[in-house]
Amino acid sequence: MTTAPTTGYTAHFKVWRGDDEGGGLEDFEVEVNEGEVVLDIIHRLQATQAPDLAVRWNCKAGKCGSCSAEINGRPRLLCMTRMSVFDRAETITVTPLRAFPVVRDLVTDVGFNYEKAREIPSFVPPEKLAPGEYRMQQEDVDRSQEFRKCIECFLCQDTCHVVRDHEENKASFAGPRFLMRVAELDMHPLDAAKDEGLDRRTSAQDEHGLGYCNITKCCTEVCPEHIKITDNALIPLKERAADRKYDPLVWLGNKIFRRKE
Amino acid sequence: MTQVERQQWDVVVVGAGGAGLRAAIEAREQGLRTAVICKSLFGKAHTVMAEGGIAASMGNVNAGDNWQVHFRDTMRGGKFLNSWRMAELHAKEAPDRVWELETWGALFDRTKDGRISQRNFGGHEYPRLAHVGDRTGLELIRTLQQKVVSLQQQDFKETGDYESRIKVFQECTVTRILKGPDGRVSGIFYYERESGRFFVIESPAVVLATGGIGKSFKVTSNSWEYTGDGHALALLAGASLINMEFVQFHPTGMVWPPSVKGILVTESVRGDGGVLRNSEGKRFMFDYIPDVFKEKYAQSEDEGDRWYEDPDNNRRPPELLPRDEVARAINSEVKAGRGSPHGGVFLDVSTRLPAEEIKRRLPSMHHQFKELADVDITAEPMEVGPTCHYVMGGVDVDPDTAAALGVPGLFAAGEVAGGMHGSNRLGGNSLSDLLVFGRRAGLYAAEYARDAAGSGAKRAEVDEEQIAAASAEALRPFSAEAGAGAAGKDGDADGGTRPPENPYTLHQELQQSMNDLVGIIRREAEMSEALNRLGDLRVRARRAGVEGHRQFNPGWHLALDMRNMLLVSECVARAARERTESRGGHTRDDHPAMDRDWRKQNLVCRLADPAGGALPAADVPDPERGQIRLEKREMPPIRPDLLDLFEKDELVKYLTDEELTE
Ligand SMILES: Cc1cc2nc3c(=O)[nH]c(=O)nc-3n(C[C@H](O)[C@H](O)[C@H](O)COP(=O)(O)OP(=O)(O)OC[C@H]3O[C@@H](n4cnc5c(N)ncnc54)[C@H](O)[C@@H]3O)c2cc1C
Ligand code: SF4
Ligand code: SF4
Ligand code: FES
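Here the protein sequences line up with chains A and B, keeping their order.
When we follow this note's numbering, the leftmost residue of the first sequence carries the number 1, and every step to the right adds one.
When we follow this note's numbering, the leftmost residue of the second sequence carries the number 1001, and every step to the right adds one.
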């Protein structure tokens, strides 16, 4: 077998170590080889210098969304960040996601996201269609499919300024990932939420904090799946919610519908 | 001994991949309180990585498809070693399991008339794989995850507690199945990764859905989770494993750069038109069509190319042979010196489809190569080579109920269960397997738990002694360190004089040994050598020591996983040495042909000393003896109506003369 040319070098890393009681950056000198990603370096640290360094990962291919952390202050996937994007002399700083409580080292408690996920009402299957009878055109599912590419890395949740440094907003704000989930279901061609008296658009506004979003697009910028969260999910959801709120006919329709219940 | 917290649930599912979640949904829908335990976060199990699709004969793209055709393809793919009953149930029930996902919110790619689109894949006669681009596993896991959440929302409405009837215990690792004195399952023992604390769940029924074993091999598409835990837990609980010699090496893993070596390149690349070439530019697969498949594959490039547009009048290209065939072919090309610069071959889709089409159909492959290898697959070929991908072997189960044979209350489904795929799994048949048998496992575990409750028989009790033994086993790596430290590096509790072993080093040595000695092409002497090395590693693993404390300590986790990897690796090596033929995912250099007499034989692995094993790896002076006992077992004859689905000339290639005359 041909071996790849070894162009190894030593990089300088600062990795945050600690737990919920506190911690700090620790310095490491560590070998880097051609083609490696930051997660490889973290693994090398575990194997050679810090066997108990805590980090989450699974797929190492950008598919599971486990290895989220902040590299030089920017939310990123450790497994999809190539070492070659950094200058060799640069010090690389790896810290845990800032918006969530630290468990240990690079591992944070992302429970917030699982709580928010539960607060979004699920898909409502159309009553009249049996399994196997669903018919949808590709162009009608394209929009929701884009949002379903989400790997739940929660980088967008971490970066959004509404909660990043505002713990107090967490209770009333679902965050970009879960507002996008509302949009996904709202755009699902066969979702029958309406039949159950659920208006996803107004609930995004009233219950999941869509109003907090001032479309800065920071979430879109960090999304490793390149989902256009703001443009394709949040803005349309805002527009639809607005239509819903101020269109007098819809408003009337709602009232009548409600009364019938 | 500190008090270990206990909880009671009706059914415990170990694993939150496709099989585990489907089982849990079923058990909960049967009205039982169901707990799911998994090593990583909810929604991140290995299933999330599946790319190509779910096989189900819905016939949306080619109306000729039906369960019989799917059954035939599955049996051929497994070289007739499959549990035919499982293959039958799987082929019959897969469409319902896929359609059901749509009612839970899944959004598959569509056909022109609005149905679920289906794509071609190796070994499948018709386009059969329901898919979402090349991220089908993500769609599957997210849909099941969201279904669990919707059940929790229902429960919240009724009880005020989301977790009253179905709860996911994430980032928890099960290290023991507990049993009562009568041999029935009584619960599980696990540690929480975050805190390192120990817990017990008492439950009459446990479903194993822990996935595979690939982390015992160096080059693999599998994640850290794949340490064969469920396989080992079953063995330690007294169950048996079958078909462990059959490990699937996927033909196309990335080969460069080194840090991504092994990461999967989906078969969809070939299903959608990609071709394999060697360094001379030749489509070498035409030279590797085995006799049993001669009639089914194109003999010229022209015919193969026409097949994509006109499958009724042309035969498929040999790039779409079952995986074992393609993997061996690539291996031979590289050995013959016709490989690519980094020791693989070329997989090219850039000259076969327009760039936009490639990006639409294979978005994550495009992304993966661009981000990780600086290769633009719309403009240049990829370099690929075999990677350890899937284990066909697994827990010996009853085909209908997924109950583990010999251990009442234990069930297994998904990759951890054996039998369904015989000697080789077809692409797409795993995701459907997860759903079909996950549901069955959940159903029958629920039934079993209900009967156990209804019969008035008391639940088997979990006694303190078992808990103490499990705790001691789990804490051992810490004392290995303390012992050495206290005695100044030269004494440890085992009376050895050597310092503790680094679990990462042990793991790397294990992976290297399995890769080199029990890999894609096998020889008797090498497997004996592997068994020796495993014996040695087992002794050293007893001294695996870790630093630090119990909170989220990956070194500790790995030290504990070593027990499982060593057990499972021994099963693979021992069974592979025993089977003196080549079939499916088991290729012997010294026995290159398929032997019809082996067709009916299952190799069954059991713990050699069922009473021992409470502590990891008793020092075995003679590695030949090892921890695993092998046994040959004859498979039940294939039901005549199922045999009738095949032409006689085809059966002649597989069955023994006596079976044919019956
Ligand atoms: C890259 C890749 C692509 C693939 N593509 C396809 C495809 O296109 N089509 C197809 O059909 N198949 C595909 N496969 C195979 C298929 O994805 C797997 O076989 C399947 O997902 C396994 O599912 P499972 O439910 O059995 O286990 P998994 O999804 O692996 O889940 C195992 C679960 O068990 C848990 N677990 C394990 N051990 C323990 C323990 N000790 N304690 C607690 N929990 C534990 C894990 O945390 C996890 O939640 C692919 C595989 C890979 C690697
Ligand atoms: S666009 Fe909205 S959701 Fe996204 S980061 Fe900005 S404020 Fe947050
Ligand atoms: S939307 Fe993007 S950034 Fe947010 S969780 Fe999903 S994949 Fe991550
Ligand atoms: S490890 Fe899965 S996304 Fe990084």
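Note that these hints are calculated values from the structure, not bench results.
Worth double-checking, as some hints may not be accurate.
As the list claims (entries may be wrong) - Pairs of lysine-lysine residues, derived as DSS-like cross-links and limited to a Cα-Cα distance of at most 30 angstroms, are as follows: (1) B:K1370 / A:K128; (2) A:K238 / B:K1157; (3) B:K1112 / A:K14; (4) B:K1157 / A:K194; (5) A:K228 / B:K1092; (6) A:K194 / B:K1112; (7) B:K1653 / B:K1600; (8) A:K217 / B:K1359.
Only a predicted model underlies this, so the values are computations on that prediction, with no experimental measurement involved.
Status of the hints after comparison with the structure:
The suggested pairing of K1370 of chain B with K128 of chain A is violated, with an alpha-carbon distance near 45 angstroms, which exceeds 30 angstroms. Proposed proximity of K238 of chain A and K1157 of chain B is supported: the alpha carbons are some 28 angstroms apart, at most 30 angstroms. Our distance criterion of 30 angstroms between C-alpha atoms is broken by K1112 of chain B and K14 of chain A, whose separation comes to about 53 angstroms. Restraint check for K1157 of chain B and K194 of chain A: satisfied, since their Cα atoms lie roughly 19 angstroms apart, inside the 30 angstroms limit.
Our distance criterion of 30 angstroms between C-alpha atoms is broken by K228 of chain A and K1092 of chain B, whose separation comes to about 40 angstroms. A hinted pair counts as satisfied when its Cα atoms are at most 30 angstroms apart, and K194 of chain A with K1112 of chain B qualifies at roughly 27 angstroms. For the hint linking K1653 of chain B to K1600 of chain B, the alpha-carbon distance of about 13 angstroms falls within 30 angstroms, and the restraint holds. Under the criterion of a C-alpha separation no larger than 30 angstroms, the hint pairing K217 of chain A with K1359 of chain B is consistent with the structure, at around 25 angstroms.
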